[in-house]
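K.L.:
Next come the chains, spelled out residue by residue.
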Amino acid sequence: MSATEKPAGGRRAEAGRRTGRTGGARRTATRTGQYTALLAYLLFLAFPFLWLLSTAFKPPRELGSLHPTWIPKAPTLENFRLAFEQQPLLAAAGNSLLAAAVSALVAIALATPMAYVLARYRSRLSRAATGWVVVSQAFPLVLVIIPLFLILKGLHLVDSRTGLIMVYVVWSLPFALWMLTGYVRSVPPELEEAAAVDGAGRVRTLVSVTAPLLAPGIAATALFAFITAWNEFFFALVLLKTPEKQTLPVVLTHFIGTEGVADLGPLAAAALLATLPSLLLFAVIQRRITGGMLAGAVKS
Amino acid sequence: MRDGNEATAPGRWNRRGLLAAAAALPAAALLPGCSGERRRRSSGGRITLRFQSLAWQQDSLKANKQLVAEWNAHHPDIQVRYVQGAWATVHDQLLTSFEGGEAPDIIHDASDDLADFAYGGDLADLTALLPTRLRQDIPPHSWETATFNGRVYGVPFLQEPRVLIANRAKLRRSGVRLPTPERPWSWEEFAEAAKRLTRGSDYGVAWPLKEPVSATLNLALSTGGRVFHRGPDGKVAVRFDAVDQVVPRTVHDQVNVDRSASRTTLGMGGSDTLPGFFAGRYAMVPLGFSYRQQIVQQAPEGFDWTVLPAPRGTSAAQGVSPQTLSIAEDCPYKEEAMAFIDFLLRPPNMVRLALGDWLLPTGQEALRDPALRVAKHDWATGTALAGSLRSAPAQSVRGYPEWKDKIATPGLQEYYSGAIGLDALRKRLVRDGNLVLARYQR
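Protein sequences appear in the order of chains A and B.
Numbering follows our numbering, in which position 300 of the first sequence is assigned residue number 517; successive positions increment by one, without gaps.
Numbering follows our numbering, in which position 330 of the second sequence is assigned residue number 345; successive positions increment by one, without gaps.
So here's chain B without its partners, still in its complex pose (with noise of 0.2 Å):
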């Protein structure tokens, strides 16, 4: 039974309104769906269209915002609407947007998510429509990472080089040579330094390889490695050669042979590996090139780090996917979200968008900015390797992603940790690998 305090809730309860509140619940579950607003207002000829942009550091964030009002103040007919996407989960919430035909008009993305969505007719052929400004601006090489079946779908903006960022004050003393953008470190002589870099508890580098697909394929360019082969039928296989092994190999050996690469920073991703790097436990750390930012907000005082160009094999190629703006398919007004593309992307623009984002334009005349040539945060050494980039081995190749989760990053991190040998790894990528994509290109 009850006690007696519990007898007495009634009144504490208030039944009288509780009952209002259960009488005004249909009503009020209504409610919110009277507030939904149409996706577009045409008022007097004014059009507006929304833009979903992924900025999400503090100064890219700002720089998208105010290029926005920029244009919005010049454009009274044509406002563009400022809407905030999310990188962890665009992929989901576009192909979501894109069924239920709620997309937003200017798309936000990087190129090896475009794919599906231009397959699958939800973005916009944008080849006719490019200004010729814009197309001569960006060189051939940035393109060709969002065209698919000879068709653009969308525009290359920013891009990021895969580099090393190093404690300089350790590379001093081991006594190794410092590489430079013109005169790069060979695979054998990064591998050299690491372990002359390597002393007691402390590693001449840590591999942050929690994704290691992008990162193994990306660099193993520089050797000729493509593992992408495609025939002249159009369809792609897997291949794992000599020349696609050798950064693969040269990971492997130095966690696993000459112990010059720690072994836990296998299962972190870059930002984890930074605390040890600023305490000295390891010298180097392959990165992208916007983790300067990161760098130069939680380093210590004083803490004397620079940025070094990544190994090259037989060339210092590296492949890119590059940030993009693209336009949905079902946009009635393709021409003008054009044009505000092409106002964002104009050279002293991208420059304020590369600024804000850490990264580098794709764009010729952005590249030549001062502001991206300066020793300050190494910039220039990136703006240096911008020659180099290449599209990514995988962009355009229907099941990637499938081979990558199920195939690839199970297989290569194994390999890296050392449960399984080159031969085993070539296999699973070679043979199981071509039966994900036969599925894919029936």
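This is chain A alone, in the form it adopts within the complex (with noise of 0.2 Å):
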């Protein structure tokens, strides 16, 4: 090193490590501006669940109050007491039980296979079906329900619980059929192919290969379907008469009385029960979901 690069090094490790400091100080300016957007959008997204839970807690006065507490002071389990008196709220939440989980279930039936085929056999008439269900996606609830209520009608399934699960199962197919595509898509052909080579006929290898690295994708896209179907409340509404079928979003409605006047306390009872369900199966599956939607995000 000469002696005139001496310097010029001494100024170049001087300016590095200003960068150095400068660039770690605004790293760390970076990301607690990060961590602070993540956090503001998470109490946004968290508010109406902590105020319902607030609100199901507060006895009637603390509803009144113009100064609302998050914390209730004299925290009551009168609501929910009142909210079970008063609708049957086990029974609905059954019917929805019933639903969600049938039309999960038939919905990921049906798209597994589907999905297969689209995703493995490239074809125009394939491209042609993806580009369908995508196009489907946008025609809105009020389009449908006036011609799907006629034909359902014609075909004896109005206040069915088959025709119910039926609207469901079509409702979430194409949905479910587009997650699943790309699940599939993720799991490199050369698998299937290595298990032809080891003699594996098709069956096993789809049953012993596929199958199995496609679970936590079928597990997402189930769960999706399911807490459609569990939170739907149109087609409920529309559909089913008989109030011994009724599900819980549509039970719920029963707290709110005349010009929109609600029985407060016991409504968000009702409503922070039927959000449970939802709630429980996320924790308890959201790992293999993490899984699945990282698998099927990036082609390796």
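No lab work stands behind these hints: they were computed from the structure.
Some hints could be false.
Derived contacts from chain B toward chain A, CB cut-off under 8 Å, selection only [claimed, not checked]:
(1) Ala101
(2) Gly285
(3) Ser286
(4) Gln312
(5) Pro315
(6) Asp319
Quick caveat, the model's predicted, so the values are computed rather than measured.
In this text, a Cβ means the ideal position worked out from N, Cα and C, and glycines have one as well.
Two independent chains are provided; combine them into the complex using the hints.
P.N.:
Structure follows, in structure tokens:
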């Protein structure tokens, strides 16, 4: 190193240290900003649920306060008692569970082989089918409800759980198909080819090699189908007439009276209970969903 | 590529279980359909009627269910099954029930929701079925609310006047005269009182006008306002004359001129104003009579409140749309269904239903019941107003829901907030409104 280079090197090192300090500070500031934004976003998302939680445990006097508090001053379970006393919440939850579980299972059973075909056998037809699946998502609910009602009436499936389940399956099928196609594409075809070389037949390859790798994706898709059906209100309102068949979202409206006046405490308590299955399901299979989603996100 | 953990997934996901579940799906999907029950069972001459009630408050639910149980105990051959409906969804639910042939036999609703079903042939004409006792007990102006083309399609049984719920302590401090049912305020006195009750950031009155149309039209009846005028040819035309304008102008001026009414409550529902009322921000809130229940439940300890009659114009009249009981046209047991309605609306039972819903009965004998004439919770004030309740002006007008949603609601909201003047409001209500109604009257 020459004598003339030393000062230059020193300047670079000094500049590097300065840059390093500035860069570190900038990174810290950026990271702090990111976490703050993330926290704010999480709070924004959690706000309705936290408010529901707070309201469900408040006595009527606190609900009428001009300055409401997050934490109830005199927490009570009375709202839950009233909710169960006034409306058949358990029966409605059973109806919702049946409709959501069966429709999710049927949707998955139909979507999985379809997705496999769409992902593995590329042709003009499969591309057209994928395009149609995406386009079908654009139809709003109000556009289909009247024709759907008339079709189901012709089939004697109005006021029938079977009819409602069929509608839920049809409604969730395009999205399930679209999601699962991505998952199937993420499974390298080389694995199936290797199994074939080892002597496995088509069915054995599908069952022993492809299906296990698709399991997280299937779980994620089933969960979405389940939650969509669990929360669905409009189809259930229009299609089910007999009160004993009504689902939970429809029964929740029974807490609302004339001019939109609501029995707020019991309504909040019942709504809180209605959100629990979704939360529990997410909590139980969250890791698999994340794994499944990441697997479907990139092509290896 | 997937990692090793995921490659071991098949064991955890129990492949056989999954396959078995998938194979069982078609059968599982069909199972619920097998459980579909017949709407009516008939065994040994026994019939079962379905009574869809919209009761939603705890006391009301209890009263309805108890009355059904009492009926069933005394009528083993005519059993009534209580089924729960909801005010929020009743119109859509009934519409599709009638279409699907699955309507309940006895239907609880409100008179302003009956027109389409009555004209559409979904509800039975009750004229010949009504027992004399019921016909005579309920006054003619109540029957008017459920009469379409001269036929009765519902039995009006509970009604709700609009009253002023007031902070009594504030009123006393201000020195204003407390109005009574015998001597209510005029609209001018009401405006003056609201001004005197306005202090600093506290307002004399809070108008919860999220749904401004029915409140405006019903109160305007006191100044002779009708808005809807039926001609000799039976066609209805909208007018917005001087008598129709008194109430809207009073509200507008309170909000925008003398600022004695809160602007923020214009977009609120009745319940939303209660926290501010309890905190003393508003001295008076015009609300339905049944809001007393919420006030009793939610008001802070020692909060001193009272019920005042709504202001009067040329009369104390105001429009109401009573709750009704109807019978579906498809019901094969109309006489039995009417017998149940007659039982449900016997004077003592009507009183129980009224107390449960914090409303007023329509029946004259029930209105005389001492339980509804007590000072507690101002029941007596409400009962004294019952005689001045009339059929809401829009009751039987076809096209009213569209006129209300597309023309009147945005028009009144803009007028009350000061965005448009009275002339612009009149043009919208009349010119645009008549175009809407014309489509229903061709």
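K.L.:
Each hint: holds or not?
P.N.:
Right, here's what the structure says about each hint:
Checking Ala101 of chain B against chain A: minimum C-beta separation of about 4 Å stays under 8 Å; hint holds. Here the hint on Gly285 of chain B is kept, as its CB sits about 6 Å from the closest CB of chain A, short of 8 Å. This hint holds: Ser286 of chain B has a C-beta 5 Å from the nearest C-beta of chain A, less than the 8 Å allowed. With its C-beta approaching chain A no nearer than about 4 Å, Gln312 of chain B sits inside the 8 Å limit, and its interface hint holds.
Taking 8 Å as the C-beta cut-off, the interface hint given for Pro315 of chain B holds, the closest approach to chain A being about 7 Å. The criterion of a C-beta within 8 Å of any C-beta in chain A is not met by Asp319 of chain B, whose closest approach is roughly 15 Å, and the hint is violated.
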